[in-house]
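Asker: Protein chains in written order, with this note's numbering: chain U, 1 to 183; chain D, 184 to 452.
There's no promise every hint is true.
Claimed, not checked - Capping the alpha-carbon separation at 30 Å, the derived lysine-lysine pairs in DSSO-like fashion look like this:
#1 Lys329/D x Lys97/U
#2 Lys159/U x Lys122/U
#3 Lys415/D x Lys122/U
#4 Lys334/D x Lys141/U
#5 Lys334/D x Lys415/D
#6 Lys362/D x Lys159/U
#7 Lys243/D x Lys180/U
#8 Lys427/D x Lys362/D
#9 Lys362/D x Lys329/D
#10 Lys362/D x Lys386/D
#11 Lys334/D x Lys159/U
#12 Lys386/D x Lys141/U
#13 Lys386/D x Lys328/D
#14 Lys329/D x Lys141/U
#15 Lys97/U x Lys334/D
#16 Lys334/D x Lys362/D
#17 Lys243/D x Lys127/U
#18 Lys97/U x Lys243/D
#19 Lys97/U x Lys328/D
#20 Lys328/D x Lys415/D
#21 Lys328/D x Lys159/U
#22 Lys329/D x Lys159/U
#23 Lys97/U x Lys180/U
#24 Lys159/U x Lys367/D
#25 Lys141/U x Lys415/D
#26 Lys427/D x Lys159/U
#27 Lys415/D x Lys427/D
No lab work stands behind these hints, which were simulated from the structure alone. Because the structure is a prediction, the values reported are computed rather than measured.
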Amino acid sequence: MRVSGTQAPDHKDDAALIDRMRAGDQSAMADLYDRYSGVVYGVALRVLANTTAAEDVVQEVFLQLWRNPGAFDAGRGRLAPWLAVIARNRAIDHLRKRAPEEDIDELPISTGVDLEDESARKLAVEKVRGVLTQLPQDQRKVLEMAFFEGMTHTEIAGKTGEPLGTVKTRIRTGLLALRKAFA
Amino acid sequence: MNGHPQYADALALYALGALDNPRELAELETHLGTCGECRRELEALRADTALLALSAMGPKPPDRARQRLLSAIAAEPRMPKKAPQPYAVGRLRSRWFSFAPVTVMLMLAVFSILLGFQVRNANREIRALQAQNDRYRIESEESNKKLAEAKAIDDLMHAPDAWPLTLVAANTRPQPQMKVIYSKQQGSILLTASNTQALPQDKVYELWLLPADGSAPMPAGWFHPDRQGHGKMFHRMTAGINAKGFAVTIEPASGSQTPTPPIMFAPAG
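Same shape as in the complex, but just chain U (with noise of 0.2 Å):
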């Protein structure tokens, strides 16, 4: 799930948005913000269960990218997926109640799943939460507390009784079960 050779027009249009925003234009501010609050607070919500802090997590992250709308490199993957992280992890300093650094994190993500258009993001939603359902319960469980509840791979393995060998390898093989569903 590369991005490789020809990437979709909807990509073309956040990257249009993105260089509006640059230049100031809080209209395409707006835009992002209605293409991508849902994928923001969704995870936002999850990690913290309460609604008033998933709020102040969108308000940060998007803010954030205001302020500093380089941050995200465009050429370096697509924006829904970096956003989704950067949600996740400032979600988790709320729940760990860690400082959260003042600037947007710098974020390499390679992908080219396509998740600009609204009907694209539906079938990549249904099809993430396909993939995890097939997952045996152990690993979706051990993968779900590693990414929306922070927790370390020590944590993890004193919580399930797992080796902590165990726990690595159901996380990486989870992650990549994903992957290759959007190979």
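Put chain D on the given structure of chain U with help from the hints.
Answerer: For chain D alone, kept in the frame of chain U given last:
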């Protein structure tokens, strides 16, 4: 990820921020500094985690969140970039003076890049240390909570006025009873007794663990009940022993290595 499979699992954990072994973390980050293939794999793994995030998509933020953001960015208008100043035509300077600013800028650029690397590494280390501190703090808080709870239970059980009560169905005579909690993993046994037959000073109740493999009963602690027939006992033995049951006999005050019939208490049912 064919080149360095030894880092495959650690990379996945790193992408999630879930790698907390300081040695592994340091080794992997050193490797990432020199291996483009593993850096690309890390980017791909981050994308995989983003897919995981999609599973949580669904709810939309309330309208007030949109308004809040738009108000915030309206309060922070982006300053238009200054147009580049046209070169002023002035008097000619020597060639050395012409190159000097360029040289200085190049040196500053190199210095900035080096400084940037240093700052980035330092930030990474600070983040790792902060994460480690957070984990220690949370673990410490959890341990303190558990200790406080264990102490409270212990204080209650050993309080001089502790009043053990067994509640039974109305109009039923209290029956002699012993309750046992056994953890194979910890090798710990907690026993509480109520309404048992009082024993002379030279006798005790001794608990026996009956191994699942059919071998001989193992001594699992003994106690002397009070005059009302109540008692409690906490005993530690080797962890990991599979038990198929427990039994209690009456033994001499110093306990026995083999049970003396008859069995006074056995598991119900």
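Asker: Confirm or reject each hint.
Answerer: Here is how each hint holds up against the structure:
| no. | hint | result |
| --- | --- | --- |
| 1 | Lys329/D x Lys97/U | holds (21 Å) |
| 2 | Lys159/U x Lys122/U | violated (33 Å) |
| 3 | Lys415/D x Lys122/U | violated (61 Å) |
| 4 | Lys334/D x Lys141/U | violated (33 Å) |
| 5 | Lys334/D x Lys415/D | holds (16 Å) |
| 6 | Lys362/D x Lys159/U | holds (28 Å) |
| 7 | Lys243/D x Lys180/U | holds (28 Å) |
| 8 | Lys427/D x Lys362/D | holds (15 Å) |
| 9 | Lys362/D x Lys329/D | holds (23 Å) |
| 10 | Lys362/D x Lys386/D | holds (20 Å) |
| 11 | Lys334/D x Lys159/U | holds (23 Å) |
| 12 | Lys386/D x Lys141/U | violated (52 Å) |
| 13 | Lys386/D x Lys328/D | violated (39 Å) |
| 14 | Lys329/D x Lys141/U | holds (25 Å) |
| 15 | Lys97/U x Lys334/D | holds (29 Å) |
| 16 | Lys334/D x Lys362/D | holds (21 Å) |
| 17 | Lys243/D x Lys127/U | holds (20 Å) |
| 18 | Lys97/U x Lys243/D | holds (24 Å) |
| 19 | Lys97/U x Lys328/D | holds (19 Å) |
| 20 | Lys328/D x Lys415/D | holds (24 Å) |
| 21 | Lys328/D x Lys159/U | holds (17 Å) |
| 22 | Lys329/D x Lys159/U | holds (15 Å) |
| 23 | Lys97/U x Lys180/U | violated (35 Å) |
| 24 | Lys159/U x Lys367/D | holds (17 Å) |
| 25 | Lys141/U x Lys415/D | violated (40 Å) |
| 26 | Lys427/D x Lys159/U | holds (26 Å) |
| 27 | Lys415/D x Lys427/D | holds (22 Å) |
Checked against the numbered hints given earlier, the structure breaks hints 2, 3, 4, 12, 13, 23 and 25 and satisfies all the rest.
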